[in-house]
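Number of protein chains: 2
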Amino acid sequence: MTANDSSPAYCIIGLGLIGGSLMRDLAARGETVYGYNRSTSGARTAIKEGFDASDRLDKTLIRANEDHALIVLAVPMHAVGEVLDAVVEYAPNCGITDVVSVKTAVYEEIDARGLKTRYVGGHPMAGTQHSGWKASETGMFKRAAWVITYDYAAECEAAGEEIDSSWIELFKTVTRMVEKLKAEAVPALVTNHDAAVARVSHLPHVLAAALSVVGDNGGVLAQSLAAGSFKSATRVATTAPDLQRAMCESNATALVGALDEFIAELAKARDDLASETPQIKELIEAGHRTRIRLEARSGASKDSVSPVKISSRPVLRLHPGGPNWVRQLSQTEDIGGRIEIF
Amino acid sequence: MTANDSSPAYCIIGLGLIGGSLMRDLAARGETVYGYNRSTSGARTAIKEGFDASDRLDKTLIRANEDHALIVLAVPMHAVGEVLDAVVEYAPNCGITDVVSVKTAVYEEIDARGLKTRYVGGHPMAGTQHSGWKASETGMFKRAAWVITYDYAAECEAAGEEIDSSWIELFKTVTRMVEKLKAEAVPALVTNHDAAVARVSHLPHVLAAALSVVGDNGGVLAQSLAAGSFKSATRVATTAPDLQRAMCESNATALVGALDEFIAELAKARDDLASETPQIKELIEAGHRTRIRLEARSGASKDSVSPVKISSRPVLRLHPGGPNWVRQLSQTEDIGGRIEIF
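Those protein sequences? They're chains L and B, same order as listed.
Note that the first sequence covers residues 1 to 342 in full-length UniProt numbering.
Note that the second sequence covers residues 1 to 342 in full-length UniProt numbering.
Since the hints were made in silico from the structure, they are not lab data.
Just so you know, even glycine gets a beta-carbon here, dropped at the ideal spot from N, CA and C.
Careful: at least some of the hints might be erroneous.
Straight line, CA to CA, 25 Å or less: simulated DSS-like cross-link-like pairs of lysine-lysine [what the hints assert, rightly or not]: (1) B:LYS116 / B:LYS134; (2) L:LYS231 / B:LYS182; (3) B:LYS134 / B:LYS59; (4) L:LYS182 / L:LYS134; (5) B:LYS48 / B:LYS59; (6) B:LYS59 / B:LYS116; (7) B:LYS142 / L:LYS231; (8) B:LYS231 / L:LYS231; (9) B:LYS268 / L:LYS268; (10) L:LYS172 / L:LYS116; (11) L:LYS172 / L:LYS142; (12) B:LYS134 / B:LYS281; (13) B:LYS231 / L:LYS142; (14) L:LYS281 / B:LYS231; (15) B:LYS48 / B:LYS172; (16) B:LYS180 / B:LYS134; (17) B:LYS172 / B:LYS182; (18) L:LYS172 / L:LYS134; (19) B:LYS231 / L:LYS182; (20) L:LYS134 / L:LYS48; (21) B:LYS116 / B:LYS142; (22) B:LYS281 / L:LYS231; (23) B:LYS182 / B:LYS142; (24) L:LYS116 / L:LYS142; (25) L:LYS268 / B:LYS231; (26) L:LYS231 / B:LYS268; (27) L:LYS116 / L:LYS59; (28) L:LYS142 / L:LYS59; (29) B:LYS182 / B:LYS134; (30) L:LYS180 / L:LYS231.
What follows is a set of in silico ranges between Cβ atoms, one per label pair, in the way DEER data are often shown [unchecked claim]: (31) L:SER166 / B:SER312: 31 to 41 Å; (32) L:SER41 / B:SER39: 20 to 30 Å; (33) B:ASP111 / L:GLN279: 16 to 26 Å; (34) L:GLY132 / B:ALA159: 57 to 67 Å; (35) B:GLU276 / L:GLU285: 35 to 45 Å; (36) L:ALA79 / B:GLU137: 30 to 40 Å; (37) L:ASN93 / B:ASN217: 37 to 47 Å; (38) L:GLY132 / B:GLN279: 21 to 31 Å; (39) L:THR277 / B:GLY50: 42 to 52 Å; (40) B:ALA28 / L:GLU340: 41 to 51 Å.
Based on the provided sequences and hints, a complete structural model is requested.
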């Protein structure tokens, strides 16, 4: 890192919905930020809007290497391996993080290239159904959970090995970036992350697709009558299909588990409704109870009367590298909490 | 009806989310509107806000009978029979419509009391997850589909019998009420309505409940990471459980059919994801295609540059009682269209 490691340069690879929004927020704060976009037109649009963008991956990474920049991978899963090969070649000095919606598959690519000590994974739980630079916006990550993975540190602890000090610095750098974006840094191991997002992100995409199809099968009358509940539940089906497939297919094992659980719930409700006295008491009441409970656990309360939004995620103030800090990360993960570093 | 049958008095039985919003809109237009609410506190709140409300069903219906008012049933399905008994006793002169989210079950209650010639069913495809008078608001029905049933007319046609002229007047009165609310009158037979809403309204409620449960099973980390896609898809799970049960249980046959279709889609996707080369191409692409298509068929386009919102539902201008008018209703239903009367 350069002189002041709390403000490194940021090099964003992929300027789509998430990468573009990240560039906007960091630039708005006056940080040094530049990036690469595969499509020339996307890069050109960003440049026209005053951002520092390029459609040359090699040049962008060489510059990042000179700056000791933090590299943020913001490309779809299928492009991660190829980009990492270029990082190995052109930017051997740089720490790496990412914003990809699956973490095990990324970690396998990292491990295959011996990059574990240079990598802290990330995943912002934010976005819309739109994609590309044109869909990017400032403030997208405000109060959103931003997962930060710490598998390398946990592996060192388990093996009784010392954690590389440069990795600890990288962990700080990534966490500080999250704090700068006003997001909330939630620590998680990659497998736990993938199991959680299979339930709360990838499963909703599959359901949205299936519900769209079943609604469509009802013909134009059903489509004409589709209103709020249907539209809310199917909104994310309009996300670009290749992005949805990338998420679901690269997290297939966890997603199949979530689907099995979901299908079992539906099958039970179906039988209750098909019985002589049709009823759906159990599922509707359980759904209501759990959804109300969720409101209190998933970020700032909307009903707060305070002008300052208070996060409902418990916070742990952490000193990376300090005594027991990896165990503290694990404990914070267990309660879905967030960290602040000092 | 009184002198001017295009502006009858309106008597709303049940001042909850829908009934209350209806009262607000009609009152704001200067129509004569009054209503009954079972809970004294709800009625009292409406009165305090300047509305003409009562917690006495008999008195309210006697008044409606004197006014030849249009009675609008806005109570949950399980209360419909009891209210209809009171209508038979206290308001034998009045036409009846309703806003209940199932139509076959209501029509059976109507038929059991020999009220077919006095009934035109209705169902506004509008609302929120909240309930009760306090959740009611003006403008809720603007541009929403409002189903109007015409089974009695279709039955007369099929039997070669003449349609009671008072029913035709009632059909006009109900349609005009819908027009006054700036909603769009979509004709449908009760069984077709129930099959359609099983897909686009009741199924989303079941899915929201099941997804809430599966998300909750993931523990606090999953709940902490739940963001836009999960929250959109589960929003309606916060609807009062008894209202959700009333909808689903009174439309159980159609809902079981929709659930079977949905489960089959999911099971197929599950197997595709569990295969050696995990993929979910077919479902994601079909979901994307159908959801994009829906945008064009379910009301005003949000992307229109015109300041005047144009409905995307085809419109038929209809003269109730005129030649072929029942066939025209049926044709309009087949294309999910709306009617305007003259």
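Right, here's what the structure says about each hint:
| no. | hint | in the structure |
| --- | --- | --- |
| 1 | B:LYS116 / B:LYS134 | violated, 33 Å |
| 2 | L:LYS231 / B:LYS182 | holds, 21 Å |
| 3 | B:LYS134 / B:LYS59 | holds, 24 Å |
| 4 | L:LYS182 / L:LYS134 | holds, 22 Å |
| 5 | B:LYS48 / B:LYS59 | holds, 19 Å |
| 6 | B:LYS59 / B:LYS116 | holds, 24 Å |
| 7 | B:LYS142 / L:LYS231 | holds, 17 Å |
| 8 | B:LYS231 / L:LYS231 | holds, 13 Å |
| 9 | B:LYS268 / L:LYS268 | holds, 18 Å |
| 10 | L:LYS172 / L:LYS116 | holds, 16 Å |
| 11 | L:LYS172 / L:LYS142 | holds, 19 Å |
| 12 | B:LYS134 / B:LYS281 | violated, 45 Å |
| 13 | B:LYS231 / L:LYS142 | holds, 17 Å |
| 14 | L:LYS281 / B:LYS231 | holds, 22 Å |
| 15 | B:LYS48 / B:LYS172 | violated, 33 Å |
| 16 | B:LYS180 / B:LYS134 | holds, 23 Å |
| 17 | B:LYS172 / B:LYS182 | holds, 15 Å |
| 18 | L:LYS172 / L:LYS134 | violated, 31 Å |
| 19 | B:LYS231 / L:LYS182 | holds, 21 Å |
| 20 | L:LYS134 / L:LYS48 | holds, 12 Å |
| 21 | B:LYS116 / B:LYS142 | violated, 29 Å |
| 22 | B:LYS281 / L:LYS231 | holds, 22 Å |
| 23 | B:LYS182 / B:LYS142 | holds, 5 Å |
| 24 | L:LYS116 / L:LYS142 | violated, 29 Å |
| 25 | L:LYS268 / B:LYS231 | holds, 23 Å |
| 26 | L:LYS231 / B:LYS268 | holds, 23 Å |
| 27 | L:LYS116 / L:LYS59 | holds, 24 Å |
| 28 | L:LYS142 / L:LYS59 | violated, 31 Å |
| 29 | B:LYS182 / B:LYS134 | holds, 22 Å |
| 30 | L:LYS180 / L:LYS231 | violated, 34 Å |
| 31 | L:SER166 / B:SER312: 31 to 41 Å | violated, 58 Å |
| 32 | L:SER41 / B:SER39: 20 to 30 Å | violated, 60 Å |
| 33 | B:ASP111 / L:GLN279: 16 to 26 Å | holds, 24 Å |
| 34 | L:GLY132 / B:ALA159: 57 to 67 Å | holds, 59 Å |
| 35 | B:GLU276 / L:GLU285: 35 to 45 Å | holds, 40 Å |
| 36 | L:ALA79 / B:GLU137: 30 to 40 Å | violated, 47 Å |
| 37 | L:ASN93 / B:ASN217: 37 to 47 Å | holds, 44 Å |
| 38 | L:GLY132 / B:GLN279: 21 to 31 Å | holds, 24 Å |
| 39 | L:THR277 / B:GLY50: 42 to 52 Å | holds, 44 Å |
| 40 | B:ALA28 / L:GLU340: 41 to 51 Å | holds, 50 Å |
The structure is inconsistent with the numbered hints 1, 12, 15, 18, 21, 24, 28, 30, 31, 32 and 36, although it conforms to all the rest.
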